Structures are given as structure tokens and as C-alpha cells.
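Given next are the chains, with one letter for each unit.
There are 2 protein chains.
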Amino acid sequence: MKELLRVGGGVDLSAIDTSGTPGFDGDKDAGEDALAAGTEELTELQEKLFAASRSGDTRSVLLVLQAMDTAGKGGIVKHVVGSVDPQGVEIAAFKRPTPEEEAHGFLWRIRKRLPTAGMIGVFDRSHYESVLIHRVRGLSPLDEVETRYAQIVDFEEELRAAGTTVVKVMLHISRDEQKSRLLERLERPDKHWKYNPGDVDERAYWDDYMDAYRLAIERTSTDSAPWYVVPADRKWYARLAVQHLLLDALRGLDAQWPTADFDVEVEKRRLAAT
Amino acid sequence: MKELLRVGGGVDLSAIDTSGTPGFDGDKDAGEDALAAGTEELTELQEKLFAASRSGDTRSVLLVLQAMDTAGKGGIVKHVVGSVDPQGVEIAAFKRPTPEEEAHGFLWRIRKRLPTAGMIGVFDRSHYESVLIHRVRGLSPLDEVETRYAQIVDFEEELRAAGTTVVKVMLHISRDEQKSRLLERLERPDKHWKYNPGDVDERAYWDDYMDAYRLAIERTSTDSAPWYVVPADRKWYARLAVQHLLLDALRGLDAQWPTADFDVEVEKRRLAAT
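These protein sequence lines map, in sequence, to chains R and B.
Just remember that my numbering sits 5 ahead of the position in the first sequence, which is counted from 1.
Just remember that my numbering sits 5 ahead of the position in the second sequence, which is counted from 1.
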């Protein structure tokens, strides 16, 4: 599945079927079963990573989630990340920057939320906003946006060198699918809070966003921090795919239960004496 | 269940059956079923609290977990708190203070980790360490410890006034149960990382800790921030009881789905036109 989702130079987002299920030929029920089946391994690998950090392993995983509105970032966090122990997870949702954040370089607020040793970090939006919405809506001068791609590549290489496995995911939905999800938010009073009139305005820039994603992917997909485009019209598939990518990243780290730095038999005797 | 667990002045911790299941007369299987059954309501109430914060509701919940080692704080976070959307949870584990933290008053580091609007905060250990281990092991002068009880009462009243419902839980295990749980950690290589030889040393102070808990509970159990002592020899019961206390706190807040601050029909037409 992983290799089918990986993208880089020459990616054509319009050619990717957003309702596809690359690498998985089952239906929704089968997909949900597969997601549930993967949870146990994900939970154990997360706990091992966390445990290893207690004996000095400084590695971590960072899941970067980028997507158009309604594509399902929240669902990924709730249903995939939410299946592991919350004590091993650090979630950062990046909203519109504060004035203090705007006074610094675009990576300043990002660096403050990087996962610490042993943790799975999740970025719900990320530094990529500074080359996506900033490009599309002109929030930064174009020449400044242009310099950011290389800064991002350097930044992510720095993360890799420091032991953080970066998993970058674009959840890819169709413009029509977004329309029906926005409509659902309007039709359900318990979903009104998720609706923002600005979401409709952004739809006019859909093609510009796709172009900005394409550019970002082309300029920043590297061997150490590749991009994955996950078709997301089917929520169950997107969740399964991201779980798969996380499992792959954690398996790659192969964290081990720490060995005792005490004499187990001595401790058993000391304990027995209490 | 709540009223059976609530304690205050005159609490006798040694008289509480740590293997009891106050307010629940089912067995382990029934308890696990009840926990699973409560998850749906907990999830919905958490989401409502979170949603309400998006339209200005500043309220939050803070679960304070205190316990002797191995009593199951981690299991509560994993199995009870972990059942809701991690995006609505803020967990703070308070370890040995850093030199910077020690240079400040004992509430300084606590204030920085209070739950923000709409969140369920969890303190894995808390400001109470400053009147528990500090009292038992003499980490602070006794007269300083004495002044902290009133400071804590004022602090928690301030939280209540600011809209934070504080739920304070002591997970109460027996000294024998701790012994068998420590032994299990020694017998399983995948649990060695959770074992600390210092845990055995602390067992010599068990009665002093119980006395420090009794004092803390007597001095700081108030109407706005009462203490609950949850028998915890049976993990399934402790989890069910804490879920019950969280459900009760969230029901008390009665957060509502925000009403739309836009014209739903107008938005439907705008969306249809895109």
C-alpha cells in the first residue's frame, strides 16, 4: 500500500481517483475489520517506542496531516491515533497564527510542538500552511513562499537526523465530496459548529489549492520525508491507509523493551522482604 | 456511586475496602460491559463540551489522579480517558520538578498545564505531590507544607470560578496489592521499564503516605472540589468508577451544541452555487 500512495515529482493530483482504495481490495466492512485488526499492533509498537524513551531512546514519529476542509483529518486523529494510549501522543492543531507567531519565522511555532522522545506527534495542519494557503491567498509574498520549500526540506532533514520519522499525508478528496460533506454539516444542527461560511469561499480556489499542493509535494517529497497522497472520499479507506503508514513507520524504528538496569533477582528479594 | 466514594473530614483510609466495588454489584464482566456502555455517552458529552468552546463557552473539566505506585493511574488514562477523542484531552504527567520549576512556587508548573476551554484535562500526579511526598519525605519544611493546603483550596476555588470542574480521585490500593503488582513487573521483561527500585524503598513509608493522604483529603475536600477515594485493587472497578465521575461532571456542565451564527438556508444556497 505504502508504495502505491507515495508521490513526488510529477504528481498529478487530478489523475488520482479520490474514491479509490489503492492496495486494498476489500469493501468497507473488510476495511473496518482490517483497521480493528491493526490496532493491537499499533498499540504495542507505540508502547514500545514510549518505553524505549525511558531508557534513553530519543526517537519519535511525526504524522503531518494536510487536507482540504472536511477531508477527515479529525477522523484520522479520533479513530486511528485515538486507538493508542493518549499518554504516548502529542497533538498540535495549527490554526491561524497569533500576532506573536506571525512576528517569528514560519517554523518558530512548529518547532515548539515537535514530538518529544518516545512520542507519536500529530500535526493537524502544519508548516505546510505557509506554502499552501499562503501561496493561494497571497498571505506572504510569492518570493518568500518560494524560499520556504528549501527551508522545509532542511527542517525535515534536521528532524530525521534527530531521530524523528516524519510521515506526511495529504488526504485527497474530490471537490464534489467536499460539497456533500459541507451540506451534511449544514443539515445537522449538531454539526453546525464545524461549519464556517469561509469554507464555501475557499471552494472557488480549489484548483489553486491543488496546484499549491502539487508544488509543495514536488518540492518537499524526499527520501527521508516522503509525501503520501491518501484517497479520502471513503473515510474507512483513509483511516486504514494512515494506520498502515503509521505501522510502517513504527516497525521501521523497531524499538525494543528496555532491559532492566537493576538486578531482577535482587529486587524480587528486596520486595519479598517488605 | 458518586456519594459512596466522596470523602472529606474524618476519612479513615484503612477502613475502606480497597477490593470493594461501592455502588456496583456486578462482577468483572458486568463491570467491563458497563464501562463499554458508558463510553458512548462520555464521547458525546466530551464532543459537546469541545464544540461549545468554539462558540465562547470557556468551561472545562480537570481530572486529578493521585495514587500510590502501581495503583493504575496509567490504566485510567488509557482505558477511560483514552476512549474519547484525543483532540479533546490534555494530559499532564507531573514528574520530579525541574530546577526551574523548583525555583517557583509549587503551583507555578501546575498553572501552565491547566485545561483550556472545552477540554478534559488530566493530571497524572499533581499539585498534591507537594503535600504528599513532600510531607512524607521532608522535601519541604513542614510549616511550608502546612500553608499549602489553604493555598490549594484557594487555587481550586479559583478554578471553579473560572469554569473548571475539578474531579479529584485517589486510587486506593492495598499494600499487598502493590506488592503483587510490583512482582508482576519484575517477572515480565516487557514490564521491567515500569519498575523502579525506589518503589520498594517507598513501601517502608506506606503508613506515612496514608496519613499524608488523609490530611490532604481532610484539608482540601470542599464542596466545589471534593475528593473521591476509589477502591482500586480491582482495575475494572476503578475504571468504571472514574468513568462514572467524569460522566457526572460532564452531565453537570450540560454543554450544548452551539447554534449557527450564520443563516443555514443562505449557506445552503451559496454552497449549491459552487
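In case anyone wonders, no lab produced these hints; they're calculated from the structure.
This structure is a prediction, so every number in the text was calculated from the model and none was measured.
Fair warning: there could be bad hints in the mix.
Each pair may be met inside one copy or between any two copies, as identical chains are not told apart.
[Claimed, not checked] The calculated lysine-lysine pairs, modelled on DSSO-like cross-linking and capped at a C-alpha distance of 27 Å, are: (1) Lys196 with Lys7; (2) Lys273 with Lys196; (3) Lys117 with Lys83; (4) Lys273 with Lys100; (5) Lys7 with Lys199; (6) Lys33 with Lys273; (7) Lys199 with Lys100; (8) Lys273 with Lys117; (9) Lys240 with Lys83; (10) Lys100 with Lys33; (11) Lys117 with Lys7.
What hints, given by number in increasing order, does this structure fail?
Hint check: 1, 5, 6, 8, 10 and 11 fail, others pass.
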